[in-house]
Amino acid sequence: MSATGINWFKYSSPQAFHPLAGRMIPWFAAAAVGLIGVGLYVGFFVAPTDVTQGDAYRIIFVHVPAAWMSMFLYVIMAVWAGIGLGLNARPSFMMAQAIAPTGAMFTFLALFTGSMWGKPTWGAWWVWDARLTSELILLFQYIGIILLRSSIDDLRRADRASAVLALVGVINVPIIYFSVRWWNTLHQGASVSITAAPTMAGTMVTAMLVMMLGFWMYSIAVTLARMRCVIVERERQPSWGKNASIQEVVEAR
Amino acid sequence: MQWGSVAEFFAMGGYGLYVWTSFGATALCMGGEVLAVWRRSAAAERRDES
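Line by line, the protein sequences are chains Y and H. Note that my numbering gives residue 212 to position 212 of the first sequence, counting from 1, and the numbers run on in steps of one. Each number in my numbering comes from the position in the second sequence (counting from 1) with 253 added on.
Since the hints were made in silico from the structure, they are not lab data. Careful: at least some of the hints might be erroneous.
[To be verified] Just so you have them, the derived chain H footprint on chain Y, three or more residues with Cβ under 8 angstroms:
| id | stretch |
| --- | --- |
| 1 | 56-65 |
| 2 | 72-82 |
| 3 | 211-225 |
[As the list claims (entries may be wrong)] From chain Y, some residues computed to sit far from chain H (all C-beta separations above 10 angstroms):
| id | residue |
| --- | --- |
| 4 | SER13 |
| 5 | TRP27 |
| 6 | PRO101 |
| 7 | THR102 |
| 8 | MET116 |
| 9 | SER150 |
| 10 | VAL168 |
| 11 | HIS187 |
| 12 | VAL205 |
| 13 | CYS229 |
| 14 | VAL232 |
Here the structure is a predicted model, which means the values were calculated and not measured. All C-beta atoms in this analysis are idealised placements derived from N, C-alpha and C, irrespective of residue type, glycine included.
For reference, chain H alone in the conformation it holds in the complex (with noise of 0.2 angstroms):
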């Protein structure tokens, strides 16, 4: 482990901004896809039934 304190590890030794930025974009992009998979059966499964 080589982070002092909390605040060391969001800095990221600078590189911050980057680093949490890409995290965060993937993050994202993945429960976006996970969420309109799940709105988009929700859908189809109402259709199916009516």
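Okay, chain Y solo, but in the shape it has when bound (with noise of 0.2 angstroms):
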């Protein structure tokens, strides 16, 4: 099957999965808690004042990373979906299905700290701003596809809908990372880029990375404990937690 000896499919089915994913929270969960605490340290003690901004520029190392979490996670739920929908994989669906409401609240988030910072240094908490409203667009899909999930009663079906709910929704996601080129926008434009030097200090940049990464890590414990959630919810065997025998798993099905 592979050049590596390793058989990648193996964990393709719940039955490997849960027990794999198990092991690994607490390692992404200790990283998570780490890299968060790094974080706000050298976001709090050691980054400097802002000259233009005061301090109310510290909500940056919430709000950017929260606002890239909403965009990431909404790609990997439709590619998970696109994935299952091409190779009709129940565990993709379901991986669409545990990142969700992660991304939903990533991106609640981005618009509530967004409107903290709004106020005051813009003096108003919202403004109908391309940048704004494409991120609020990005909301109501999420809303949509765990609402879609949820209001049809034959799973595979509740897949296949919210799977292309997410897939035709990802056009939004270069929307919104582009609206402040593409328009004149309130928001200001990118702090960082791969291409361009960042518009920040130093150890600015360095917090907000370290909150990036501490955010990756906490997003990918979460949804690996609701994707154990969701198989044991939605694959009735007769025990996740003890071994199964093929006998018990005949009778079971």
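Relying on the hints, combine the two individually framed chains into one complex.
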């Protein structure tokens, strides 16, 4: 099957993935706590006060990581949904199902912290700016995908319908990302990009990137934990907690 | 380190309300999500064992 001699497809079975996820969660959770701790320390005690925005700029340390996660998680969810549609694989759909609530939460946080930042710097909690509006649409997309799934009783139909909705909605992600360049927005442009030098002090960028990594680790840990719940809820087996004999599995089906 | 005192740290140069509301909301949402998943998994395992 593969040059490495490892059968990667083994973990495409919920039966094999459930314990693997259980073993991985503590590591990702510990990494998340450590990175967020370091990020907060650097963000509050090492990074200097901004010349123009004062200390209000420190909201960036949660705002930007939350906004990035909201977009990353959407793309990852759509990729799993696409794999699910292509290969008709249950675990891929489950993965998409497990990612959606975390993505929605980060989208809400990006909007909320943005509003907290907008008030002191722009003088408004909210403006109908391209960046803000497209991010709000992303929140509605997440909510729509979650509601569509829960409104269809047949799991296989729910999987496919929400996967199609997720895939169609990917179009909004580049719109959010490029909105600050395509339109005249009140929202500032990207502070950090791969091609250009960052427009902030080194320690500010460090704190933001460390927080970003911490949010990644948090998302992986919480998604894996939710994936385990989804597996147990959807795949009724004699018990996921103890090893089932083939006999018991056959009887349960 | 740019903070002279604890009070100065919490004041955040006059932006304390905005900064701490942002960080507080983030902590609440992430903590709440962990708690929700925790409870969901406990419920799933209870049903699984019965």
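Given as non-interface: PRO101(Y), which should sit over 10 angstroms from chain H by C-beta:
Given that some Cβ of chain H is not farther than 10 angstroms from that of PRO101(Y), nearest at about 7 angstroms, it is violated.
Beyond 10 angstroms from chain H, beta-carbon-wise, is SER13(Y)?
holds, 17 angstroms
Measuring Cβ to Cβ, find out whether TRP27(Y) lies farther than 10 angstroms from everything in chain H.
holds, 16 angstroms
Is the Cβ of VAL232(Y) more than 10 angstroms away from each Cβ in chain H?
violated, 4 angstroms
Non-interface claim for VAL168(Y), where every Cβ of chain H lies beyond 10 angstroms:
Correct as stated: the minimum Cβ-Cβ distance to chain H is 26 angstroms, above 10 angstroms.
Exclusion check [SER150(Y) not at the chain H interface, CB over 10 angstroms]:
holds, 14 angstroms
Mind verifying the non-interface call on CYS229(Y)? Its CB should be farther than 10 angstroms from each CB in chain H.
violated, 5 angstroms
Non-interface claim for THR102(Y), where every Cβ of chain H lies beyond 10 angstroms
violated, 7 angstroms
Examine the stretch 56-65 of chain Y for residues whose CB is less than 8 angstroms from any CB of chain H, and state whether their number is three or more.
With 5 residues close enough to chain H, the hint holds.
Per the coverage rule (Cβ-Cβ under 8 angstroms, at least three residues), is the stretch 72-82 of chain Y covered by chain H?
Three-residue rule not met by the stretch 72-82 of chain Y, so violated; n is 0.
Report holds or violated for chain H covering the stretch 211-225 of chain Y, Cβ cut-off 8 angstroms, minimum 3 residues.
Satisfied; 3 residues make the cut.
Take a quick look at VAL205(Y) and tell me if its Cβ sits farther than 10 angstroms from every Cβ on chain H, holds or violated.
holds, 18 angstroms
Hint compliance for this structure: hints 2, 6, 7, 8, 13 and 14 are not met, and every other hint is.
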